[in-house]
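Working from the sequences, and respecting the hints, build out all of it.
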Amino acid sequence: MEAKTPESKDESLKSKIAIRCAKAAILLSSLNRRDSSTINHEDKEAEAMLLQREVEDLKVRLVRERAKSKKIRLCSAVELLLQILLLLSLWTFCLMLAFNLL
Numbered sequence: 001m002e003a004k005t006p007e008s009k010d011e012s013l014k015s016k017i018a019i020r021c022a023k024a025a026i027l028l029s030s031l032n033r034r035d036s037s038t039i040n041h042e043d044k045e046a047e048a049m050l051l052q053r054e055v056e057d058l059k060v061r062l063v064r065e066r067a068k069s070k071k072i073r074l075c076s077a078v079e080l081l082l083q084i085l086l087l088l089s090l091w092t093f094c095l096m097l098a099f100n101l102l
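Using full-length UniProt numbering, you'd call the opening residue of the sequence shown number 1 and step up by one each time.
In short, the hints are calculated from the structure, not lab data. These numbers come from a predicted model, not from an experiment. C-beta: ideal position from N, C-alpha, C; glycine also. There's no promise every hint is true.
[Stated by the list, open to error] If you anchor each label on the Cβ, the simulated ranges turn out as follows:
(1) S69 <-> L28: 52 to 62 Å
(2) K14 <-> L51: 50 to 60 Å
(3) R66 <-> R33: 39 to 49 Å
(4) K44 <-> K23: 28 to 38 Å
So this is what it looks like as structure tokens:
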């Protein structure tokens, strides 16, 4: 066996340090990925909840708009009916005047 010289000891020490640094870098990068994925997951959940609220608000607005539209249609139909009744009443009055029934 060879006797270890100071140079070979330095080289082995440097390689051990390099291996430790590489392991530390890998651990740090995996922690960063895990943290960022957790943050991304939380951001996605928050965004999903925000979108869900927005969808619910839009559904409520749609229901209100439909109710308003139904009321407008009903009022329009009643107004048309009243106009027809008024017109028929005026025609009847004019016919009665024409035939001297009054």
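Results for each hint:
no. : hint                    : in the structure
1   : S69 <-> L28: 52 to 62 Å : holds, 60 Å
2   : K14 <-> L51: 50 to 60 Å : holds, 54 Å
3   : R66 <-> R33: 39 to 49 Å : holds, 48 Å
4   : K44 <-> K23: 28 to 38 Å : holds, 31 Å
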